[in-house]
Amino acid sequence: MTEAMTPVTGGPVAPGTRAPDFTMHSTPDQTVSLRDLRGRPVILAFYPADWSPVCGDQMALYNEILPEFQRFGAELLGISVDGVWCHLAFAQNRRLHFPLLADFEPKGAVARRYGVYREGDGTSERALFVLDADGIVRWSYVSPIGVNPGADGILRALEALATPRGRG
Amino acid sequence: MSRQRDAAVLALPVGERDHAHGPANAPVTLVEYGDFECPHCRRAYPIVKEVQNRLGPRLRFVFRNFPLTELHPHAQHAAEVAEAAGAQGRFWDMHDRLFERQFALADDNLIEYATDLGLDAARVARELATHTYKAKVRDDFMSGVRSGVNGTPTFFINGERHDQAWDVEPLAVAVEDAARHS
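From first to last, the protein sequence lines are chains A and B.
Quick note on the working numbering: the first sequence kicks off at 1 and runs consecutively.
Quick note on the working numbering: the second sequence kicks off at 1001 and runs consecutively.
The shape of chain B in the complex, shown without the other chains (with noise of 0.2 angstroms):
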């Protein structure tokens, strides 16, 4: 017969090479896999953030790239020049910066965001025209799908997905009920 399984797990565990907001030996660690020019994910963008301020140092958040470059012109250029970001201690500066202005993400706008927080911009242009963060965001897209990742956003809480509604309170409570937990 058909194998049901159980909830999908985190298949990579959160780690070095991840950008995360938040003390390591938080209770409740989040991972976001998410796209830069994904409507749902600009949408859930404040609403994590609302979260994180609830939950404060109780709180670890954790962004992966999972850009559907298909649907999303823009979405893998945007996910490098994060992590180009990224590269100079400024991930989530950058973050910041694509979800708010998601409606102008060409090259261009990536650079002109790289320059407006006080980046080597040049760099980040060389890394961006040499694809220097290409196989990272492919390493992330990978491990989501490993993970069972369905769609953008798709949530983990402490490595097992959140398959119920993400609005600011479904979610602030299944990250209170997983710190409880912990």
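The shape of chain A in the complex, shown without the other chains (with noise of 0.2 angstroms):
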């Protein structure tokens, strides 16, 4: 991660700035790298941790709903400061079709830089973001604490992408 970083306070990257690029595990042995992604949306779902005690919670209902994402050529990635090993086992009980990468080391370090690291949690906000095939914020939402936020705003964000006018 070598771009400058992006200030910490004032919120959410906002809509019409570079995503910070990153790169972080996806598995033990594989990355991903923002910047390899371009030429197609790109969601990115922060969220707190691993094991909500919940089902439907918001990883397993996006899971559902991949293709609507994909009609639309998106990629999703889930990201949150849990370990590999702990996403592995996550996305094997849930049976995810996505990857989660593992913002892990140093803790938080790529939802600094997207503003939306909730220092005394030592957690990243359940905030979306969607990118436009030239690596652009082109939407965000930061869910109120404890309201996983669905998929409705993320749909929406890829429907004014597809439209000439919401590439302007």
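Among the clues, some could well be false.
[To be verified] Stretch by stretch, here's where chain A covers chain B in the computed footprint (C-beta under 8 angstroms, at least three residues): (1) 1068-1074; (2) 1148-1159.
[Said to hold, decoys possible] Simulated restraints on C-beta separations: (3) 120(A) - 1009(B): 27 to 33 angstroms; (4) 1180(B) - 40(A): 45 to 51 angstroms; (5) 1101(B) - 156(A): 36 to 42 angstroms.
Simulated from the structure, these hints should not be mistaken for lab results.
Just so you know, even glycine gets a beta-carbon here, dropped at the ideal spot from N, CA and C.
Reassemble the complex: the two chains are provided individually, in unrelated frames, and hints are given to aid placement.
Next comes the structure, spelled out in structure tokens:
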């Protein structure tokens, strides 16, 4: 991570801004770099932690809706401060079909750069970013504490990208 | 900056396509997006019944399918069988039976319940095999996605997502509030 640090204060990275690049582990021996995903929309879903004690939690919900995201050619990345082994077990348990990235070392560094780290809690917010094919943030949303945001906002943002006006 | 928004609202209004229990002109409509194999929905099932008992004819209850098929291997077929029962006018009987027998939702069980309920079980089996109601279940699911359903169960009270707890008291209080303000 060589780019200049985005200020931590001032809330989430604003629409119209280039999304800070990152490289994070998706499995113990694989990494995902944001810059490699240019050319298609990307959904970044920051969430506090694996193993929320409910079924139909945020990641499981997005897993069900994945075909709808894929209709837009969009790539979905889940991001939390959990480590790769934790992510691996969680993804297997929930049968997730998209990568979970470990914002683990330095802890929460990517969440900080996106302005969605919660200092006291040591986790990220539940925050969503939709990036266009050029890596520009087009929509973001930070959910109230304890409220899983669902997927309607993401789908509306992807629809806006898919129309010429939304690209402007 | 990030766009905060108001509480999620029901994108697809309650209408003819829905299974509704209670009068159409009731002051409160409670919509549940649920999954017959979800343990939390199972827990919500008697709670909703209690709220229905308290509100009586002031409440209309609507159930829409939101099967989490990756987590719950039987949820999709259970939803389709509930719809098949609905086509024979018995949606709610099957809804109740599925929650009460949540531990046994294999296809054979589903057909057995159709028989128990006195339905044309051969027709239910045929409609399950040919996925007659797959599109209906999918429409329910997508209407939930569009409405901000964020897990199961998710409730909407007069069109607004209920983000609070749904034990008997908080749900009954929220529904009573809506009844008073309608």
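Consistency of the hints with the structure:
Residues of the segment 1068-1074 of chain B with a Cβ under 8 angstroms from some Cβ of chain A number 5, which satisfies the need for three, so the listed coverage holds. Residue count for the segment 1148-1159 of chain B with a Cβ under 8 angstroms from a Cβ of chain A: 5. That meets the three needed, and the coverage hint holds. A C-beta distance of roughly 32 angstroms is found between residue 120(A) and residue 1009(B), which places it inside the suggested range of 27 to 33 angstroms. At roughly 49 angstroms, the beta-carbon separation of residue 1180(B) and residue 40(A) lies within the given 45 to 51 angstroms, and the hint holds.
Between residue 1101(B) and residue 156(A) the beta carbons are some 39 angstroms apart, a value that agrees with the proposed interval 36 to 42 angstroms.
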